[in-house]
Amino acid sequence: MGEREADLQLVERVQSGDREAFGLLVGKYQRKLLRLVMRLVRDPAEAEDVTQEAFIKAYRALPNFRGESAFYTWLYRIGVNTAKNWLVANGRRMPTMSEVTDDDSEGIEDGILLRDDETPDRVLMSRQIGETVNAAMEALPADLRTAISLREIEGLSYEEIAQVMDCPIGTVRSRIFRAREAIAARLRPLLDTAPDRRW
Amino acid sequence: MRSAALFGLCLLASFVSPVARSQAISFQSDGLQWLQRVSVAAEKLNYSGTFVYRSGSHSETSRIVHRTSNGSQMEKLEVLDGSPREVIRTNDEVSCYLPENRLVIVEQRSVRRGFPALLPASLAGLNNHYQIRKGSTARVAGFNSQIIRLEPRDAWRYGHQLWVDIGSGLLLKATIFDGQGEVLESMAFTDLRIGDPIRPEALKPSYAEVARESWKIRQARLVDLRDDAPWQFRIEIPGFHRQAALRRSMGKDGTDLNMLHWVYSDGLVAMSVFISPLNSPNEAGEESLRTIGALSVLKRVVDGHQVVVMGDLPPAALKRFAEGIGVRGK
Amino acid sequence: MNDPRLSKISALFDGELETHEVRVAIQASVEDAERWRLYGLIGDSLRGEPIVAPDLTVSVMARISEEPVVLAPRNLKPLKRRHPFLALAASVAGVAVVGWVALTGNSQLSETHLALSKKEPVAVLPAPTFVQAQQTTVSGEMSEYLLAHHAQAGSTRLGDSTRQIRTVAIGSPRP
Numbered sequence: 003m004g005e006r007e008a009d010l011q012l013v014e015r016v017q018s019g020d021r022e023a024f025g026l027l028v029g030k031y032q033r034k035l036l037r038l039v040m041r042l043v044r045d046p047a048e049a050e051d052v053t054q055e056a057f058i059k060a061y062r063a064l065p066n067f068r069g070e071s072a073f074y075t076w077l078y079r080i081g082v083n084t085a086k087n088w089l090v091a092n093g094r095r096m097p098t099m100s101e102v103t104d105d106d107s108e109g110i111e112d113g114i115l116l117r118d119d120e121t122p123d124r125v126l127m128s129r130q131i132g133e134t135v136n137a138a139m140e141a142l143p144a145d146l147r148t149a150i151s152l153r154e155i156e157g158l159s160y161e162e163i164a165q166v167m168d169c170p171i172g173t174v175r176s177r178i179f180r181a182r183e184a185i186a187a188r189l190r191p192l193l194d195t196a197p198d199r200r201w
Numbered sequence: 042m043r044s045a046a047l048f049g050l051c052l053l054a055s056f057v058s059p060v061a062r063s064q065a066i067s068f069q070s071d072g073l074q075w076l077q078r079v080s081v082a083a084e085k086l087n088y089s090g091t092f093v094y095r096s097g098s099h100s101e102t103s104r105i106v107h108r109t110s111n112g113s114q115m116e117k118l119e120v121l122d123g124s125p126r127e128v129i130r131t132n133d134e135v136s137c138y139l140p141e142n143r144l145v146i147v148e149q150r151s152v153r154r155g156f157p158a159l160l161p162a163s164l165a166g167l168n169n170h171y172q173i174r175k176g177s178t179a180r181v182a183g184f185n186s187q188i189i190r191l192e193p194r195d196a197w198r199y200g201h202q203l204w205v206d207i208g209s210g211l212l213l214k215a216t217i218f219d220g221q222g223e224v225l226e227s228m229a230f231t232d233l234r235i236g237d238p239i240r241p242e243a244l245k246p247s248y249a250e251v252a253r254e255s256w257k258i259r260q261a262r263l264v265d266l267r268d269d270a271p272w273q274f275r276i277e278i279p280g281f282h283r284q285a286a287l288r289r290s291m292g293k294d295g296t297d298l299n300m301l302h303w304v305y306s307d308g309l310v311a312m313s314v315f316i317s318p319l320n321s322p323n324e325a326g327e328e329s330l331r332t333i334g335a336l337s338v339l340k341r342v343v344d345g346h347q348v349v350v351m352g353d354l355p356p357a358a359l360k361r362f363a364e365g366i367g368v369r370g371k
Numbered sequence: 148m149n150d151p152r153l154s155k156i157s158a159l160f161d162g163e164l165e166t167h168e169v170r171v172a173i174q175a176s177v178e179d180a181e182r183w184r185l186y187g188l189i190g191d192s193l194r195g196e197p198i199v200a201p202d203l204t205v206s207v208m209a210r211i212s213e214e215p216v217v218l219a220p221r222n223l224k225p226l227k228r229r230h231p232f233l234a235l236a237a238s239v240a241g242v243a244v245v246g247w248v249a250l251t252g253n254s255q256l257s258e259t260h261l262a263l264s265k266k267e268p269v270a271v272l273p274a275p276t277f278v279q280a281q282q283t284t285v286s287g288e289m290s291e292y293l294l295a296h297h298a299q300a301g302s303t304r305l306g307d308s309t310r311q312i313r314t315v316a317i318g319s320p321r322p
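Chains as they are written, first to last, in our numbering: chain G, 3 to 201; chain A, 42 to 371; chain H, 148 to 322.
Derived by calculation from the structure, the hints in this document are not laboratory data. Here a beta-carbon is modelled for each residue, glycine too, at the ideal position from N, C-alpha and C. Take these hints with a grain of salt, some might be off.
Calculated cross-link-like contacts (lysine to any residue; reagent style SDA-like; alpha-carbon spacing at most 25 Å) [unchecked claim]: (1) A/K360 x G/K34; (2) G/K59 x H/L203; (3) G/K34 x H/Q174; (4) G/K34 x A/G97; (5) G/K34 x H/G187; (6) G/K59 x A/S227; (7) A/K85 x A/A243; (8) A/K175 x H/V171; (9) G/K59 x H/V205; (10) A/K175 x G/R62; (11) A/K175 x G/G19; (12) G/K59 x A/S177; (13) G/K59 x A/K340; (14) G/K34 x A/R180; (15) G/K34 x H/G195; (16) G/K34 x H/S212; (17) A/K340 x A/A325.
Calculated from the model, a selection of chain G residues having no Cβ within reach of chain A, i.e. all distances over 12 Å [as the list claims (entries may be wrong)]: (18) Q17; (19) R68; (20) E183.
Next comes chain G alone, as it looks inside the complex (with noise of 0.2 Å):
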């Protein structure tokens, strides 16, 4: 069972009638489709706007969608589609690239992603993040670091990091799990507490 199946499995469930279940897809995706949005539409929150239009478009193709390809790389095709109409019903010049490539962080300044109304809070916030991340991992013991280091940053699948780190799957898939649990339990106050500024 890949990620492509996964995915599948997300669709079918939509197409179904469960909307909620694109909400799994729209939050797994966002960011991506954001960054790929964002190489066509330069201004963030234009780009924002974009990605948000193209995911509704695909949820209302959603239907024809048969699974010839990958989700995302019909996605993909959507987010490039819907760009492209936005440029040219706005007047804008299309960028110049010869082919808009997989690739996400072509492009794209490192670090982190401001918005022309970004309020020092928030830039603060996502430095924030970015630095708990970092303690977590720290904090965590090594074979719980290195599968997930494996699985988000190499992108390597459950069997090969099994292969790679020689354990069973099962433990991969519990390393990782409880990796991310220790993060985000770090994670979780930081953003409960963003600013409610009600005085």
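Here the structure of chain G is known, so what remains is to put chains A and H in place on it, guided by the hints.
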């Protein structure tokens, strides 16, 4: 169907006394109650914040400060990016400072807000023209908000989505979208403080002194219009009721009351009609149909007069309405 | 502890579940959207990718749950057929409007309106068809119209406070 029953109640309510009318309100959907909160909150609360207007490729950040004390209101808005502009409101007097034009425009609002803030009958009437639905909750500017969506039931109007602060009822974010669901315009607070006392300095106009010395000041003169003659409005937009009819001054002829101004509203959006004589034969007048964000502006020449119709309505709606504007007997 | 259930969320996130486990996992994930989102943030952070502040999920799902009826004005039936009650309203417009206006206590206006409604029958037409309009920025003259519109119309609409800065709308005014 529930909305039909509501409409029936409203129609019935309009034949009876105000007491019975308020009973009709208790049958309103949740969505309407939220709208009622919104209409009250902006007047009753002290608040200050930064908000962003977006429309198409344009975006603009502004600051707003609002203070209520002893029933009296003061408000200041200033643009932070883009060309500097400021609007100061003291109760019903609004002054707009335009430094790039070296111009101050002053208006008195003549349509008093009904108290309660939004007329109960027109609020209930909203259901006839919009499908009002409560959505999920969302965070805006650090506050928990309730999403309310108003889908237009016909092509005469746009749709609106509102994000309302659950605690105070203040409008935190709003979008206007067309029949295809395309967002035409959005407003959203990015930071906001509610309930703080507001220092008087925060409401001070930045340009008052220099404006007094060397700018043009256009103070609108307004009187109620008692009779539309000779003008007729043969086409009615469903749900849009007359709110005000004024005779007013505008423009270079600062004091002449030679412009007529009518205001219509369906309870959610408003439409203005301005008619003024063209100083023929030199003035040819203008015919055009444009949009500025969600605002449509239509200009027509009718019988030697310049007609201007504007409002947050689809251009086609203004166009159809304008087709019915004419002079009696012609 | 819900560990077995929660660990399914983690495995679903990686696409590493057996078929028979997927349904339960989706259920658990949907109910625990915060956890799903946190997992995404953690991954992005580890990869040094920009941490994108907004979570579009809420707004996307809000729109999806409120999935608008696509109004193509061309395709709308004339108003009369769609809303028989409104046709009724048109014919009793005079009386109903008087009742409504009386609530404002603005007797001047109600007189005017009474006079009008007795003389002039108004037509309720089918919805207008689509019209192409051009976007524009704003001139000094338009600023006056806009301020007049916002000032006089303001009290009849919602959310007016921030709208006032649209007095000169969006885009810089030309003199």
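Given pair status - G/G19, A/K175, alpha carbons within 25 Å: Holds - the C-alpha atoms of G/G19 and A/K175 are around 21 Å apart, at most 25 Å.
Has the given pair, G/K34 with H/S212, been kept, meaning a C-alpha gap of at most 25 Å? 23 Å, holds
Take a quick look at whether G/K34 and A/G97 sit within 25 Å of each other, Cα to Cα. 24 Å, holds
Run the distance test for A/K175 versus H/V171: straight-line Cα separation, threshold 25 Å. Distance ~29 Å between A/K175 and H/V171 Cα, so the pair is violated.
At 12 Å, judged by beta carbons, does G/E183 keep clear of chain A as stated? 24 Å, holds
Does A/K340 sit within 25 Å of G/K59, going by the straight-line distance between their CA atoms? 36 Å, violated
G/K34 paired with H/G195 [C-alpha distance capped at 25 Å]: 13 Å, holds
Given the proposed pairing of G/K34 with H/G187, does the C-alpha separation stay at or below 25 Å? Satisfied, since the Cα-Cα distance of roughly 10 Å is no more than 25 Å.
Please work out if G/K59 and A/S177 have their alpha carbons no farther apart than 25 Å. With a Cα-Cα distance of about 20 Å, the restraint between G/K59 and A/S177 holds, given a limit of 25 Å.
Mind checking the alpha carbons of A/K85 and A/A243 for me, to see if they're no more than 25 Å apart? The hint holds at about 18 Å.
So is G/R68 really clear of chain A, every C-beta pair being over 12 Å apart? The claim stands: G/R68 keeps its Cβ more than 12 Å from every Cβ of chain A (closest is about 26 Å).
Is G/K59 close enough to H/V205, meaning Cα to Cα at most 25 Å? Given pair G/K59, H/V205 holds - Cα atoms ~16 Å apart, limit 25 Å.
Hint check: violations occur at hints 1, 8 and 13; the rest are consistent with the structure.
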